[in-house]
Structure formats: C-alpha cells, structure tokens
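K.L.:
What follows is the residue order along each chain.
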Amino acid sequence: MLKTEAIDVQKLRADFPILKRKVHGKRLVYLDSAATAQKPQAVIDALVDYYSRYNSNVHRSVHTLGEEATEAYEEARAKAARFVGSSPKGLVFVRGTTEATNLVKFAWGEKNVKKGDVLVTTLMEHHSNIVPWQLLAKEKGATLKFAGLLPDGTIDMADFEKLLKESPRLVAFAHCSNVLGTINDVHAMCAKARASGATTLVDGAQSVPHMPVDVGAIGADFYAYSGHKMLGPTGIGALVAKKELLEDMDPFQGGGEMIREVFLDHATWNDVPYKFEAGTVNIADAIGLGAAIDYLNAIGMEKVREHEVRLLKYALETLSKAKGFHSYGPSDPQKRGGVVSFNLGDVHPHDLATILDEEGIAIRSGHHCAQPLMRWLNVAATSRASFHVYNSYDDVDALKAGLDKAGSIFRL
Amino acid sequence: MLKTEAIDVQKLRADFPILKRKVHGKRLVYLDSAATAQKPQAVIDALVDYYSRYNSNVHRSVHTLGEEATEAYEEARAKAARFVGSSPKGLVFVRGTTEATNLVKFAWGEKNVKKGDVLVTTLMEHHSNIVPWQLLAKEKGATLKFAGLLPDGTIDMADFEKLLKESPRLVAFAHCSNVLGTINDVHAMCAKARASGATTLVDGAQSVPHMPVDVGAIGADFYAYSGHKMLGPTGIGALVAKKELLEDMDPFQGGGEMIREVFLDHATWNDVPYKFEAGTVNIADAIGLGAAIDYLNAIGMEKVREHEVRLLKYALETLSKAKGFHSYGPSDPQKRGGVVSFNLGDVHPHDLATILDEEGIAIRSGHHCAQPLMRWLNVAATSRASFHVYNSYDDVDALKAGLDKAGSIFRL
Amino acid sequence: MSSADIYRELILDYYRSPRNFGKLEKFDIDAHDTNPLCGDDIGMQIRVGVGRSIEEIKFSGKGCAISQASASMLTELAKGKPLEWVKQLSKEDIFKMLGDPDLGPSRVKCALLGMKVLKMGVYGYLGAHYEDPDDTP
Amino acid sequence: MSSADIYRELILDYYRSPRNFGKLEKFDIDAHDTNPLCGDDIGMQIRVGVGRSIEEIKFSGKGCAISQASASMLTELAKGKPLEWVKQLSKEDIFKMLGDPDLGPSRVKCALLGMKVLKMGVYGYLGAHYEDPDDTP
Ligand SMILES: Cc1ncc(COP(=O)(O)O)c(C=O)c1O
Ligand SMILES: Cc1ncc(COP(=O)(O)O)c(C=O)c1O
Chain W
1 MLKTEAIDVQ KLRADFPILK RKVHGKRLVY LDSAATAQKP QAVIDALVDY YSRYNSNVHR
61 SVHTLGEEAT EAYEEARAKA ARFVGSSPKG LVFVRGTTEA TNLVKFAWGE KNVKKGDVLV
121 TTLMEHHSNI VPWQLLAKEK GATLKFAGLL PDGTIDMADF EKLLKESPRL VAFAHCSNVL
181 GTINDVHAMC AKARASGATT LVDGAQSVPH MPVDVGAIGA DFYAYSGHKM LGPTGIGALV
241 AKKELLEDMD PFQGGGEMIR EVFLDHATWN DVPYKFEAGT VNIADAIGLG AAIDYLNAIG
301 MEKVREHEVR LLKYALETLS KAKGFHSYGP SDPQKRGGVV SFNLGDVHPH DLATILDEEG
361 IAIRSGHHCA QPLMRWLNVA ATSRASFHVY NSYDDVDALK AGLDKAGSIF RL
Chain Y
1 MLKTEAIDVQ KLRADFPILK RKVHGKRLVY LDSAATAQKP QAVIDALVDY YSRYNSNVHR
61 SVHTLGEEAT EAYEEARAKA ARFVGSSPKG LVFVRGTTEA TNLVKFAWGE KNVKKGDVLV
121 TTLMEHHSNI VPWQLLAKEK GATLKFAGLL PDGTIDMADF EKLLKESPRL VAFAHCSNVL
181 GTINDVHAMC AKARASGATT LVDGAQSVPH MPVDVGAIGA DFYAYSGHKM LGPTGIGALV
241 AKKELLEDMD PFQGGGEMIR EVFLDHATWN DVPYKFEAGT VNIADAIGLG AAIDYLNAIG
301 MEKVREHEVR LLKYALETLS KAKGFHSYGP SDPQKRGGVV SFNLGDVHPH DLATILDEEG
361 IAIRSGHHCA QPLMRWLNVA ATSRASFHVY NSYDDVDALK AGLDKAGSIF RL
Chain E
1 MSSADIYREL ILDYYRSPRN FGKLEKFDID AHDTNPLCGD DIGMQIRVGV GRSIEEIKFS
61 GKGCAISQAS ASMLTELAKG KPLEWVKQLS KEDIFKMLGD PDLGPSRVKC ALLGMKVLKM
121 GVYGYLGAHY EDPDDTP
Chain R
1 MSSADIYREL ILDYYRSPRN FGKLEKFDID AHDTNPLCGD DIGMQIRVGV GRSIEEIKFS
61 GKGCAISQAS ASMLTELAKG KPLEWVKQLS KEDIFKMLGD PDLGPSRVKC ALLGMKVLKM
121 GVYGYLGAHY EDPDDTP
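Protein chains in written order, with this note's numbering: chain W, 1 to 412; chain Y, 1 to 412; chain E, 1 to 137; chain R, 1 to 137.
Take the hints with a grain of salt, since some may be wrong.
Stated by the list, open to error - Here are the simulated EDC-like pairs of lysine to aspartate or glutamate, each with C-alpha atoms no more than 16 Å apart in a straight line:
1) W:LYS138 - Y:GLU67
2) W:LYS138 - Y:ASP265
3) W:LYS22 - Y:GLU67
Keep in mind that the hints were calculated from the coordinates and are not lab data.
Start from the sequences and build out the full structure, keeping to the hints where you can.
P.N.:
Written out as structure tokens, the structure reads:
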C-alpha cells in the first residue's frame, strides 16, 4: 500500500533521489525525518541552479548577478514568511531553530529579563528551548521553571496556569514534541501566557514541516523553525516575530549588512530584519528553503497532515503487536505529530537501531536532545520512528518486521 | 592571454558552470570574488551527492546514513583545519567570518573583558571586525582603539605599538584588507600583541581563499575565515583556535549537540569544538567547503597566490592608463591581495558598476563594509575589482575597455 | 536602453550642477534618509507657503548620478506645488521625469530616494506616516 | 557479519547478567566517562594490589548491550593483571574479546567506552594523562 488517502506516495518517492539508495542491500526505509528530512530533486535543483547561474553576494552589488541573487533571496524570505502566515519584515533567516531561540535570548532576553524574573518552559522541550533560558536565567539572576506533564504526555495545564500566576517574563514551549509527538494547544497557551503579561516563544521545529501553521492566529510573539526538517537544505531556518517587536530589540551579532552607519565610537542599525542578519547570509540555502516550501505547498499542508495522521494510526496499531513494544505519548493520533517514540523490552535503543539498520531501516535512538523529558519518562533513551511525505504503510510494515527480528535476536 | 605563469585559466574555467553564462549578451567577467567567489562543479557535485545519497543528521543517529554523514562532516572539519595548519579539535564550524568574530565576542569576550580594558583594532577593518568589539566595549565599559594607517595603506606600526603599550586585552586585525588589498605582517603583529599580553584575533576572510596560511606559524589565538569566498558554499566558515583556549571559554549558543548533560537547573558542556556548535549544523555546506579545499589544494595555494600577483600587477599597469583612474592601497603587488579598489574621475562607483554591468562585467561598488576606512580615504565609496583562479588577463582587458567607455559617457 | 542613454547629457548636467542644492535658512520640513545598502544619502528642506504650498525647497546629500539628479529634478518639479501634490507623486512620475531609464532593482532605489525623502517630510508635516511600499523585504 | 552474530548469546548474557557489576567499598582508582552522543555511561573502580596489579575491579553504568558487555568482559580480563598491561591494551584486543563484530563507527565507540574509562583511570593513577586517539574530531 503506497497510497494513503491523502498522498500518492509511490509517485512522490520518485522526487527523492536518496530513496533509490540501498542500505545493506535493502531498500532504504527512512524513518528519521524528525532529525532531518530528505530532499526532493526540486530543492537540490534550486541549489544547483543558484550556484550555476546567479551566485553572488546579496544587498551589495549592483551588477546583474547581485540583483538576481538579492531578488531570489528576498523572494525566499517572502515564501518562508507566507508559509507560516507572517510577513517578510518579521522574518529573520537563521541557521535553524536553535539559532532562533538563541537570537531571542541575546537580542530580546539580555535587554528584557531582569533579576528575580521568572521564565517558563515545559518538561517536554528540546534542549534548544531549555539551555538558552538556563543560561539567560543564570546571567540575570532569573529563575527558569518547567511546566509538568500529565501521564498521557500532554502539558499539565493546571501546572502551566499556576506558573503563569508568577507573571513570567517569557513563556517558551514547543508546538509539537519531537519525542512524544504531542501537539500542544498553542493558541490557548499563547493567549493565557500573554494575558499573564509574558512574551511567548513557540518552537515550531516539528510543526511547520508537518501541518498548516498560522503564527498570527496562534498569537505567538516569537515563532522558530528549521528548514532541514521540512525538505529544505541544512543551515537555514527562520525566526518569525512582529516587526515592531524586532525593532525594539538590540542587535544580536555585529558586522556587515546589519549596520546603517559605522563610526569609530558607535554604529547605527539597519532596518529589521536585516539588523539581525550580520555578515554574508546563507543565500543558497535560503533559496533552497523557498523551493522546499513550493514543493510542500504543491502537495498542500492539509494533505501532509492528514497523510501523517493516517500513517501514525497505522503505525500505533501495527507496532503495538511487536513483542515488548511500549510507546510514549498521547494515544489519539489526531493530537500528535508523525512521531512514534518507543522501547522494545530491554533492547537498548542503540542495539535496536543497529539491528534495524541491517534491514535498511533508519530510526533514531537516544535522548533526542530532550534529557529532562527522558528523566520524566524514567528511561535512558528511546527509539523513535518519524514520518514525512515519502513514507507509507510499507515503511511501517518493514519496521514491524525489523522489531520482530530484534525481538527474536534478543529472545524477548 | 588565458594563462598566467602559474595557472592555465582556460582549462580551469570549464570547471565553473556560471562562467558559461551571458550577461546582457556578453561573456560574464566576474570581478567580485572578494564579495563571494564562484563555485566549481566539484563543490556543486559534493552538495548534490550529499543530498542524493547520504543526507542525515550527524552525531546522533547510529544508522548507515547517519554514520556516513558524520564521517563526511568530520572529514570536512579535518580538511578545513589542515588547510590553515590547524587541528580539527580547534576548528569550530560557523556561518562565516562574521559569526566567528561574534562567537569570540560572546564566548571569550564576555568572560575575559573587564571595565577599563582596552581593545585594539585597525582603521582598515571590515565591519565584522569592528562592530562586535564596539558592542563588547560598550557592554563592559572597555575602550576600542584603532591603529592608524600610513599614506600607502599599510598599518602604522608605530601607532600600533603605541597602542600595545596600553596592554590591550584583545588585538584584532585583518590578514588582508578587502579594500586596500594590504597584506599585513600578521606574524610580527601577533608576536608583538602577544608580548603585550593581548589575545589576538586575525580576520582571514581575504587571505585563506588566496594564499597559503599557517595559523600555527602566524601565532594567532583566533583565526577566522569564510567558505563562500574560497569557492565553497554560502553558510559555512570556520573559527580556528587552540583547543585549550576553546576549552577555557564559555559556550556561545545553547541547545542540542553542545551539551553533555541537561538537568532542570543546569547543564554541562560537550567537548570542544562541539561545545560551540549548537543545534543541527550546516552539514551539506561543511562538506561542500571540504570539496572546495580539495579543489584549491589540487591547484596549490602557492600557485593561486602567484597567479593573483601576476594579475594584480597587470591590472595596476593596465587600468592606470584609463582616464581619471585613481587606485588605493600599497603599490607593490607582492604586498597585497588580488583586490583593486579605485575611483574613476567623478563617476560614482554605482554608476560605474551599472555601465560595466552592461558589458557583462561584475565589480563591487560601495563602502565594502569598511566605512571607517572610507572616511580615512576621504571617499564615500570606491569601485573594487577582485580576482580568483578563474580570472585572467582578458578580464582585466575587458575592465579597461569598460572604464574607457564609462569615461567617455561621463566625458571625463 | 543602454547606459549611454541612461547617463545622457541631462542627468550628467544635474549630477555635476545640481539645481536647488544646499540648505534653507528657514524651513518647516526637514527630512533625511540613507540607502543603507549603497550609502546614498539625501536630505530635503521645505519652506511651506500660503495655501500649504512648497514655497522653497532644497536638497543636499551625496550619492550616484541617478540619485542626485533625480532629487535635484524633483525639487524643480515640486517647487510651487501644493503639499497634497506630493501625496499623489508615484514612482512612474519619477521614471518619466528621468526619461524612463532601464534600471535594475537596486538602481531604482537610487532613482526613488529623493521621492522617498520628500514624501517622508511632507507626510510627517501633514501628521501622517509614510511607509515606503518598495522597502524590501 | 550480521546483527544476529553481533548479538550472540554471549553478549546478551553479559548484558543481562553483567560480571563484576557494582561498586567497590575500597578503591584506589575511580574513573568515569559518558559518550555525549548516545548517553552511554561507564564507571570503573579498581583496588590496586601488590606489584601494582589489579586486585579488584568493578564497573557500573548504563548503556547498550555492546558497551555493557564489553565493559563487563574487560573487567574479567583485567582482573589480576599488572597496571602496565592496561597501557598495552589496544582496540584490537577489545574487538577480539567481543568476537570481532562488524560495527559501524558510532557503535565502535560503545565497544571501546569501557577500555577508555579503564585507561583513563590507570593512566591517571600512574601520573599520566590518557588522550583517546579515536576521539573525533
Ligand atoms: C576582510 C573581511 N572580513 C570579514 C568579512 C565578513 O565575512 P562574511 O560576510 O563571510 O561573514 C569579509 C567579507 O565580507 C571581509 O572581506
Ligand atoms: C522540537 C525541536 N526543537 C528544536 C530543534 C532544534 O532544531 P535545529 O537542530 O534545527 O536547530 C529540534 C530538532 O532537532 C526539535 O525537534
């Protein structure tokens, strides 16, 4: 079965050159898209086209190549903004979600967080949405607090609201967990956090690649995402915010492009978003991200989401039949992203990954950059299978067979 | 003439697909490599190969793709380190020179610079080697001082040594100026600065792409360069430093990869250089940079340098015959990089660039991210022609004809 | 259109001998802007006369032939006009004034900088805020 | 070599019933390391006996079957040997001990973590510093 009700996967797989590859003589079954997604030919072509036809620095040179490169880069910005319901002046290109949260830490946090302030995040966060706030809290004498989770892997809203009573300066949380798959009710959480006077940051690393997202409707002050998880190149991502909020912030990195005028004793800043894009930007990969967005739009994000819900449902049903299978996160597929974290008996996730790799199956194993969540789950590590548009039921079946094999090797 | 005594340019041009392109119906004469260099097919192929065959996140997944990607990424690190006589543990991948200087500002500067300290840079610097230190000085109550220049566009060493008497905390300067072309005696400057007790940072953005560089022999504490100026992809560059110095520094950005363990109230850091590579790194472009280095090594950096000296000599001779031509920087080609900054009568550089563009000639015009230097030169802007391995005498001749045309349009 | 046409006699003449260049002793409007990407810089001062008209106007600054000539020609065009006239001014008007040169996107900014500064000043005087629609992104 | 061979009876047995697992009450050497990439974690404690030999040795930690079995087997191998023996220990010795499994580069690190910790401890005790030659980069 290579079609879900939403996507004709067979047709679409031809767009991804890597899927022709064999691993240990087997068809590549790539189930690690939450770590990084594979790239369609259209994205690769956009990079090749840029470097073969109009590579040039942007915003600087008035020659033809420079103008073409600038236009393409700014068009990519407009696409990246529209894709999440934002406007180009509020979109800063960064390396990825991690640089986005750190930019907020440096450019907003250093200015706005004071001694005694409370910062709030949750127990399900990726390290990139924890460590910057830890560092900020330490520098400023503020306190970082974690909203707890309910047994089903959703955020404990009572606990969240209790923390809001402490009038936090910043409330930061994921739109979708990279381990549990939990899709948080970010609309409600942003509304509540803003009502408490907090500035909000939503980590969209696992949502933007997989479902329609409208930052304006969500009401987040900051929204971050990574290009490489949404079929785009490595090295590019976005921080989205209201223009006025960006204008209020101090610069982050200093250098070319972000300045208006430089004197010996001071400098003045360029308009946003350029103020936050110091030095030569990652031109090619921004353009590549634009091509990835075009590709996703052509499929339709509603369809992508529906496809993944179908797969997830099938996966939870199918895999739970494997001996020793135990998965984490909400049981309702409508409430989670296309991610299945699990353990298999006492088989360590790394051993499982090795056994599966031999079958051509790529899953992720480890702490998934979410050690506090691992401790909450009371496990050292989990295995994780995650989906994108090129996955179908056959991949789930392959995984099930792999789990059975591992179970038999380990005599579960 | 398509050969210099060092390089057979005709043969080599075939490696650069963009050079087949026509601009306004004319052969592309690309003389803007100091802004960003063009890419050989080998670099483009490395990117395509990565995305088509073994794209995966690194350092995380134990499956085959993950291991191949990790190996290739670390091999690129080793190449990027060896290329400047350094070792992989002392090489942090960054977006480019600008991120490198900012990393030093945040991770070294915040910890080591105190109120009343003196920081020293020079009047010929790019904004990326000025603005971070201005920001640092302002935050810390330190003072940033600028070593002056002699009329020939070299650093005034008497002034430089006078500033060293103030025992600066940091001394930062370019290896090669992107406007004047001046190659500074970085060996002597580092030795003197270190003798005064300062930490040194050398901006190698315009040296590493064009000449053999040995950071160990130079004796710089920090050395920075950009991949996109050395035939590599956009979005990647390097900060080189001794392992021990990096170990002594605070982290820069927080997130995945840079941590060892994350607890609710604190985190511990990964070994260097990983400690400074937070989040998903720019895997593809690091690998692309490795391919660019292979390409340059195959030519030989001694040859690249000799080639550019020949071109520069020819250019200074030829262009000076154009009416109204006035160039900046040292007159001895041995003492400068392949960069010619100039003005032509009262023709504004932007107007000149437009006229040249019509002839297919791409030069850079403006302040070149060096406004303090522009003020010292007492000009608002200059035009700049800059070379790389694909340029030859024919490009200089084309430029000369273009200048003549501009001179006649403007009735100089 | 070739560069020889763009830089025709008239533009060069305005570049080298700009009309209305300098500063006013008394003025009601004073606006200024820089193009951060190329460093072009234009200031405009206006004395407002009876019936809210542009009684006196001068520009100052530095930059390329196109930005300087465009600003200078614009001051000539604007002199004596009512302030409201500035509101209706469009980029097409500027291109026409310059003889419809064939400019790439970055040089278009040079051509329009004078208009932008004029609009910023006049809108401000009229209590409005001018947002440049062509501001990238 | 297939994974069924890698995870042969012996390895699984050491994984599930590790020999010399735990802590020593009295010890002269106490070393510990984590693989930050996968979270595997090994500690080793040694009591040094007459003639600078390894009188008692125990390991603790958590991780995959390969890292745990390798560490456990290594303690058995090491017990009674002179400290100097540890210096000569090579990764080939470890691979042999494990039955020459066909491991990718990241799993090799799992196999060698026990040896790394043992060497760190013993080198330190002998006043030297152990630098892992396979530490990437
Ligand atoms: C001398 C010099 N330093 C620093 C830079 C900044 O490099 P990047 O823009 O790649 O960060 C440049 C190039 O623009 C340069 O020429
Ligand atoms: C939920 C979540 N947040 C943040 C990140 C960090 O993204 P990046 O590594 O692209 O910076 C990831 C991915 O690793 C993630 O899954």
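K.L.:
Would you mind marking each hint as holding or not holding in the structure?
P.N.:
Taking the hints in turn, this is what the structure says about them:
no. : hint                : verdict
1   : W:LYS138 - Y:GLU67  : violated, 36 Å
2   : W:LYS138 - Y:ASP265 : holds, 9 Å
3   : W:LYS22 - Y:GLU67   : holds, 15 Å
The structure fails hint 1 only (numbered hints given earlier).
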